[in-house]
Every structure is written in structure tokens, then in C-alpha cells.
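Engineer: As a plain string of letters, each chain reads:
Number of protein chains: 2
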Amino acid sequence: MKKDRKISAPVIRRLPRYYRFLGELLDNNITRISSRELSDKMGLTASQIRQDLNCFGGFGQQGYGYSVKGLYGEIGHILGIRNSYKAVLIGAGNLGKAVAVHMAFEKRGFRLIGIFDNDSAKMGQTIQNCTVFHSDELEEFCRENKPDVAIFCVPKTAARELLDRCYHLGIRNYWNFSHYDLSVVYSDIIVENVHLNDSLMILCYKISEAHAQSEE
Amino acid sequence: MKKDRKISAPVIRRLPRYYRFLGELLDNNITRISSRELSDKMGLTASQIRQDLNCFGGFGQQGYGYSVKGLYGEIGHILGIRNSYKAVLIGAGNLGKAVAVHMAFEKRGFRLIGIFDNDSAKMGQTIQNCTVFHSDELEEFCRENKPDVAIFCVPKTAARELLDRCYHLGIRNYWNFSHYDLSVVYSDIIVENVHLNDSLMILCYKISEAHAQSEE
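Sequences listed follow chains A and B, in order. Going by this note's numbering, the first sequence opens with residue 5, and the numbers climb by one from there. Going by this note's numbering, the second sequence opens with residue 5, and the numbers climb by one from there.
Think of the hints as simulated: they come from the structure by calculation, not from any bench. Every residue, glycine too, gets a C-beta built ideally from N, C-alpha and C. One or more of the hints may lead you astray.
What the hints assert, rightly or not - Below 30 Å or equal to it, Euclidean Cα-Cα: the simulated DSS-like pairs (lysine-lysine) are:
hint, chain 1, residue 1, chain 2, residue 2
1, B, 210, A, 160
2, A, 160, B, 111
3, B, 210, A, 111
4, A, 160, A, 90
5, B, 73, B, 90
6, B, 150, B, 111
7, A, 111, A, 150
8, A, 45, B, 160
9, A, 10, B, 210
10, A, 111, A, 90
11, B, 160, A, 90
12, B, 111, A, 210
13, A, 126, A, 160
14, A, 111, A, 10
15, B, 160, A, 210
16, A, 210, B, 45
17, B, 160, A, 111
18, A, 90, B, 210
19, A, 111, A, 160
20, B, 126, A, 126
21, A, 160, B, 90
22, A, 111, A, 73
23, A, 73, A, 10
24, B, 160, A, 73
25, B, 45, B, 73
Said to hold, decoys possible - Label pairs and their computed distance ranges (CB to CB):
hint, chain 1, residue 1, chain 2, residue 2, range
26, B, 110, A, 111, 32 to 38 Å
27, A, 148, B, 140, 48 to 54 Å
28, A, 143, B, 191, 49 to 55 Å
29, B, 122, A, 54, 43 to 49 Å
30, A, 192, B, 15, 28 to 34 Å
31, A, 11, B, 124, 46 to 52 Å
32, B, 54, A, 125, 30 to 36 Å
33, A, 33, B, 18, 34 to 40 Å
34, B, 190, A, 17, 25 to 31 Å
Let the sequences and hints guide you as you build the complete structure.
Structural biologist: Shown next as C-alpha cells:
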């Protein structure tokens with residue numbers, strides 16, 4: 005299907021959730037779903053869901069609901085998971101290891117091709133079939149393998165220098181756990197930031213709100 | 005300040021980001037900021053920011069901008085970070101360790117009081133001043149210490165049973181890394197889910213989109 009329409013950022017942000025829910029339905033051999041059932045599962049209104057799904061075309065049929073498989077395939081297609089972008093992960097501490105081990109890279113459009121760390125003790129280890137190299141080897145590795153993406157699992161203090169190195173090696177896409185604001189340094193890069201503290205604060209808000217309401 | 009107004013969910017979702025940016029401004033001794041400057045930093049429109057900040061009252065002054073400290077304090081207050089909710093973390097693998105080490109719990113309204121794991125080899129270890137206990141001790145520990153929150157750093161397959169145990173121990177708030185949909189099981193719990201795969205798919209989308217545009 006051609007990408008002949010512009011989908012808004014909030015809709016895009018919801019696509020991975022749709023994709024997850026639809027994947028679970030497929031696992032349970034459910035072939036069709038109505039917007040009402042999907043809205044129950046996702047905590048959105050049925051009209052919101054119809055509006056979202058209308059953005060990318062005709063998978064709903066009045067009275068029959070949506071084809072789970074069709075919708076799942078189309079959303080995966082829009083998200084670009086047929087790609088196999090080459091990624092290097094930098095920083096093999098607990099966080100880096102957790103990311104390397106738990107992420108379903110190949111199902112999400114990526115391929116992890118190398119892991120780098122400053123700690124010589126970690127050299128030669130294998131994490132998820134991926135060798136850990138010393139950070140000094142980053143330049144040579146990147147020139148040879150031309151990764152598309154760098155995953156930053158390093159402290160904030162290390163991020164700026166690392167970004168300069170990666171940028172000069174031609175890497176323009178970043179999955180960033182470092183809390184350093186990479187896009188301030190270079191405007192022509194693509195950055196997806198992960199801020200777990202934000203999620204923690206939202207939890208704090210939800211708990212406080214619930215307490216406040218129960219005290220009213 | 006009394007919580008006499010209802011703030012919408014999308015605004016709430018943006019508050020931790022405001023809080024982060026304002027914290028950085030404070031670190032740099034910046035005392036006032038205009039909505040335009042804040043919008044440049046945050047990638048939102050100035051009018052969106054004025055609208056957001058109007059939700060919680062008078063920190064802006066025409067021509068003078070916002071008091072960084074005032075706004076920072078008020079947003080922290082709304083998010084409830086003055087609290088000190090007691091949290092237990094379950095699952096001390098790479099992910100659990102990373103969460104225990106990297107999260108600024110005390111600055112976000114929480115206190116980590118215990119870590120639990122099935123692996124006897126980890127018993128008695130200390131992570132961020134917190135002792136690792138065997139999961140068998142969860143019941144006794146919770147009866148004594150009455151945690152408010154459980155942090156699930158366990159595989160999806162382990163989540164359901166663990167949830168039943170925690171629920172019966174009186175825990176109603178969950179920070180959930182397990183990908184298991186906890187709120188389907190109990191409707192009277194508060195859950196904040198972390199889905200790193202969603203973030204990865206958004207990155208994939210951004211890269212694919214950029215490629216598609218450069219090929220047009």
C-alpha cells in the first residue's frame with residue numbers, strides 16, 4: 005500500500021499499542037474485532053478508534069468489524085517493521101544488557117549487530133548472539149558495517165562526546181536512554197528518547213490522585 | 005494549593021517533560037522563561053504551552069514570562085512528588101537491577117524498600133542500599149512493611165501469579181515492565197505500563213518516514 009497520506013503524530017504514537025493488542029488477538033486465533041471491543045481493550049472510545057483506523061484505510065466493514073490480520077499487517081507496514089535497520093548498542097551495563105536481551109529487535113524493524121563498552125572485562129562476551137567490543141573499536145566497526153542506528157545506554161555525562169563520534173561516523177538515528185538532549189546538538193538527526201522517570205512520575209500522579217479522591 | 009480543578013490526561017502526560025526541562029533551567033540558574041522559549045525547547049507551540057500551564061494557575065506574567073522555580077514547584081506538587089510511597093521491586097535480573105540503580109525514586113515520590121528475586125545466588129546482595137530477598141519472603145516482608153507499590157521486572161509468564169500474590173497482600177499500585185496486562189485481572193488497581201518495544205517501533209517509523217521522504 006502506498007504511503008499517500010499523512011498520519012498525525014498522536015495517531016502514530018498509538019500505533020504500537022494497536023499493534024500489540026492485535027498481535028495478542030492473533031495469538032488467540034481471533035480473526036475479527038469490532039471497534040467497540042477494541043475500545044474496551046484499549047481504553048479509548050470506539051469513535052476515536054474508528055477515526056484512527058480510518059487514517060489508513062479500509063479494514064473495517066459495517067457490522068463485521070475489522071480483520072485482525074489485515075489491520076495488524078497494515079499497522080506493521082506503516083511502522084516500517086519490514087525493515088532491518090542495523091543497530092549498535094553502546095554501554096553494556098545493566099541497562100544496556102537488559103535492552104539487548106529483552107528487546108525483540110528483529111520483530112521491530114532492527115538488527116543488533118554490535119555492542120560496545122569501555123570496560124575491558126566485558127570484551128568478547130556474547131549477549132544475544134552479539135559480541136561485546138571495546139568502545140575504541142567503534143570507529144573501525146562502523147566504517148566496516150555502516151550501522152543505521154546507535155542505541156545510547158550510557159550516562160548523561162558520556163552522551164555528548166559519544167554523539168560527536170557517532171555523528172562523524174555517519175549515524176543519524178538514535179534510540180536514547182542517556183537523558184542527554186541529543187537533538188539540541190545536531191538538528192539533522194532522528195532521536196527517540198526513553199525517559200523512565202517520566203513514567204514513574206505519572207504513576208506517582210495516579211496514586212496521589214486516587215488518594216486525594218478517596219479522602220474527599 | 006488546593007486541587008480544585010481537573011487536568012486532562014494529555015496535559016498530565018506532558019507534565020514530567022515540563023518538569024524535566026524546568027529542572028534543567030534551574031540547574032543553569034535561569035529564573036524566568038517565556039512560553040516561546042519553552043516551546044522552542046519542548047517542540048510544542050507557544051499557545052499549546054500557555055494553554056497547558058493555564059490549567060494550573062498564575063505563574064505567567066505578560067511580558068515577564070514564567071517563574072521557573074514557581075512552575076517547577078507547582079508541577080512537582082501536582083505530580084505528587086512530595087510523597088514517599090514505599091515500593092518493592094520484584095525481579096533482580098538486568099532490567100530490575102537497571103531500574104533499581106538508575107531511577108531517582110526519592111526525587112519522584114517513591115522509596116525503594118525491598119528487592120525480591122527467585123535466584124538464591126542473589127540473596128543478601130545490596131543494590132542501591134536495598135537488600136535482595138528471596139521471593140519466598142515477599143509475604144512476610146509485605147505484612148511487616150506494607151508497601152504501596154510493586155515494580156514488576158519479571159517475564160510476562162510470571163506476572164499473573166505474582167499479581168495475585170501482591171494483590172492479596174494489599175498492593176494496589178503497579179509499575180509494570182512485564183508486558184502482562186495487569187488491569188484486565190483486577191479493575192481496582194493502578195497500573196503504569198512500560199513498553200520499550202513501543203518506543204522502538206516509533207523510532208522505526210521515524211526512520212522509515214525519513215527514508216521515504218528523501219526518496220520522493
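Engineer: It remains to establish, for every hint, whether it holds in the given structure.
Structural biologist: Hints versus structure:
Under the criterion of a C-alpha separation no larger than 30 Å, the hint pairing residue 210(B) with residue 160(A) is consistent with the structure, at around 23 Å. Of the supplied pair hints, the one linking residue 160(A) and residue 111(B) holds, its CA atoms being roughly 17 Å apart against a limit of 30 Å. A C-alpha spacing of about 16 Å is found between residue 210(B) and residue 111(A), which places the hinted pair at or below 30 Å, so the restraint holds. Note on residue 160(A) and residue 90(A): the hinted pairing holds, with a Cα-Cα distance of about 24 Å set against a maximum of 30 Å.
Of the supplied pair hints, the one linking residue 73(B) and residue 90(B) holds, its CA atoms being roughly 27 Å apart against a limit of 30 Å. Restraint check for residue 150(B) and residue 111(B): satisfied, since their Cα atoms lie roughly 21 Å apart, inside the 30 Å limit. Distance hint between residue 111(A) and residue 150(A) is fulfilled; the C-alpha atoms sit about 21 Å from each other, no more than 30 Å. Using a Cα cut-off of 30 Å, the hinted pair residue 45(A) and residue 160(B) holds, with the two alpha carbons roughly 18 Å apart.
Of the supplied pair hints, the one linking residue 10(A) and residue 210(B) holds, its CA atoms being roughly 13 Å apart against a limit of 30 Å. Taken as a hint, the residue 111(A) and residue 90(A) pair is honoured in the structure, with Cα atoms around 13 Å apart against an allowance of 30 Å. In summary, the hint linking residue 160(B) to residue 90(A) is supported, as the alpha carbons are separated by about 27 Å, within the 30 Å threshold. Annotation: proposed proximity of residue 111(B) to residue 210(A) holds, straight-line Cα distance about 16 Å (limit 30 Å).
In summary, the hint linking residue 126(A) to residue 160(A) is supported, as the alpha carbons are separated by about 21 Å, within the 30 Å threshold. Restraint check: the Cα-Cα separation between residue 111(A) and residue 10(A) comes to about 24 Å, which is no more than 30 Å; the hinted pair holds. Simply put, residue 160(B) and residue 210(A) have alpha-carbon atoms about 23 Å apart, close enough for the 30 Å limit, and the pair holds. Taking the CA atoms of residue 210(A) and residue 45(B), the gap is near 26 Å; set against the 30 Å cutoff, the hint holds.
The hinted pair formed by residue 160(B) and residue 111(A) meets the criterion: a straight-line CA distance of about 17 Å does not exceed 30 Å. Under the criterion of a C-alpha separation no larger than 30 Å, the hint pairing residue 90(A) with residue 210(B) is consistent with the structure, at around 15 Å. Annotation: proposed proximity of residue 111(A) to residue 160(A) holds, straight-line Cα distance about 29 Å (limit 30 Å). Taking the CA atoms of residue 126(B) and residue 126(A), the gap is about 20 Å. The hint holds against a cut of 30 Å.
A distance of roughly 27 Å separates the Cα atoms of residue 160(A) and residue 90(B); the hinted pair therefore holds under the 30 Å criterion. Restraint check: the Cα-Cα separation between residue 111(A) and residue 73(A) comes to about 16 Å, which is no more than 30 Å; the hinted pair holds. Note on residue 73(A) and residue 10(A): the hinted pairing holds, with a Cα-Cα distance of about 23 Å set against a maximum of 30 Å. Distance hint between residue 160(B) and residue 73(A) is fulfilled; the C-alpha atoms sit about 23 Å from each other, no more than 30 Å.
Our distance criterion of 30 Å between C-alpha atoms is met by residue 45(B) and residue 73(B), whose separation comes to about 17 Å. At about 36 Å, the beta-carbon gap between residue 110(B) and residue 111(A) stays in the expected band of 32 to 38 Å. Between residue 148(A) and residue 140(B) the Cβ separation comes to about 50 Å, which falls inside the hinted range of 48 to 54 Å. The hinted range of 49 to 55 Å is satisfied by residue 143(A) and residue 191(B), whose Cβ atoms lie roughly 54 Å apart.
One distance hint, 43 to 49 Å for the beta-carbon pair residue 122(B) and residue 54(A), holds here, with the actual separation near 44 Å. Between residue 192(A) and residue 15(B) the C-beta distance comes to about 31 Å, which sits within the given range of 28 to 34 Å. In this structure the hint that residue 11(A) and residue 124(B) lie 46 to 52 Å apart at CB holds, the actual value being about 50 Å. For the pair residue 54(B) and residue 125(A), the supplied restraint of 30 to 36 Å is violated, since their beta-carbon distance comes to about 52 Å.
In this structure, residue 33(A) and residue 18(B) meet the distance hint of 34 to 40 Å, their C-beta atoms being roughly 39 Å apart. Judged by the Cβ atoms, the range 25 to 31 Å given for residue 190(B) and residue 17(A) holds: they are separated by roughly 27 Å.
Checked against the numbered hints above, the structure breaks only hint 32 and satisfies the rest.
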